[in-house]
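> Sequence:
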Amino acid sequence: MAQPWPQPLMQSFISANQPQFATDESAFYGPYTRLLYHLFGVLGPYEISPRYHIPDTTRDAIDVVALFTVELDKHPVFFIGVKPTASFNLDSKRKQADDQMRDRFRDIRHTLITPRLPAVSAFGTRLCFYEYTVATNALVPAAIPADPLFLNDVAPADRWDRDLLEADGAARFRQLIDSVLEMCQAHEQ
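Each residue of the sequence shown is one higher than the one before, counting from 15 in the working numbering.
Treat the hints as calculated values from the structure; they're not laboratory data. Backbone N, C-alpha and C define an ideal beta-carbon position, used for all residues, glycine too. Where hints are given, some of them may not hold.
Pairwise CB distance ranges (calculated) [what the hints assert, rightly or not]:
#1 Ser63 to Pro20: 18 to 26 Å
#2 Ser63 to Arg116: 18 to 26 Å
#3 Asn166 to Glu202: 40 to 48 Å
Pairs of lysine to any residue residues, derived as SDA-like cross-links and limited to a Cα-Cα distance of at most 25 Å, are as follows [to be verified]:
#4 Lys88 to Arg120
#5 Lys109 to Leu53
#6 Lys107 to Ala160
#7 Lys88 to Val148
#8 Lys88 to Lys109
#9 Lys109 to Leu165
#10 Lys109 to Ile158
#11 Lys109 to Pro170
#12 Lys107 to His52
Please put together the full structure from these sequences, using the hints given.
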């Protein structure tokens, strides 16, 4: 079976996905940067802007937020939040990732130049797809409120249902990026 990405990209992700890097917040920063430049180009109108936020609270001090935002004329058109692979099995880390994605949408929704803003939350190569629609102010997937009495999973693992290195995950990611490029081209006309 053919690989879903060119060999150098595959090798970057495979190298980052080794057990010794499972808790390393930065292991996937390089591979995702390469992937975004591969899909959006280096010489075109798009800029890839990494943003890092270290939480103020000591409790979350090791939870660095890494977001890679693709911008057109300094306006966000896509972003991806990257977390280490080992965090995925913890309900609290998935909740944090989901909260961080939703906070980012809240912060940038008023700066959009496209009718939709897609985004991805990644734990290693496991992906959850988000999309904000300007006209309706809707964000999917819908937030799951915490139950006041029972511990419920507010960011279920099955939302991260695609793997970037598998054919269906790569196809879904490419489809999403193609839709971003189409929206941007329509905006520029």
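> Take the hints in turn and mark each one as holding or not.
Do the hints match the structure? See the list:
At roughly 23 Å, the beta-carbon separation of Ser63 and Pro20 lies within the given 18 to 26 Å, and the hint holds. Taken as a hint, the range 18 to 26 Å holds for the pair Ser63 and Arg116, whose Cβ atoms sit roughly 20 Å apart. The hinted range of 40 to 48 Å is satisfied by Asn166 and Glu202, whose Cβ atoms lie roughly 44 Å apart. With a CA separation close to 17 Å, the supplied pair Lys88 and Arg120 stays within the 25 Å bound.
Taking the CA atoms of Lys109 and Leu53, the gap is near 29 Å; set against the 25 Å cutoff, the hint is violated. Between Lys107 and Ala160 the alpha-carbon distance is near 15 Å, which keeps this suggested pair within the 25 Å criterion. Only pairs whose Cα atoms come within 25 Å are accepted, and Lys88 paired with Val148 is accepted, the gap being roughly 18 Å. Between Lys88 and Lys109 the CA atoms are separated by roughly 29 Å; this puts the pair beyond 25 Å, and the hint is violated.
Note on Lys109 and Leu165: the hinted pairing holds, with a Cα-Cα distance of about 12 Å set against a maximum of 25 Å. With a C-alpha separation of about 10 Å, the suggested pairing of Lys109 with Ile158 holds against the 25 Å cut-off. Of the pairs offered as hints, the one joining Lys109 and Pro170 holds, with about 8 Å between alpha carbons and a cut-off of 25 Å not exceeded. Between Lys107 and His52 the CA atoms are separated by roughly 29 Å; this puts the pair beyond 25 Å, and the hint is violated.
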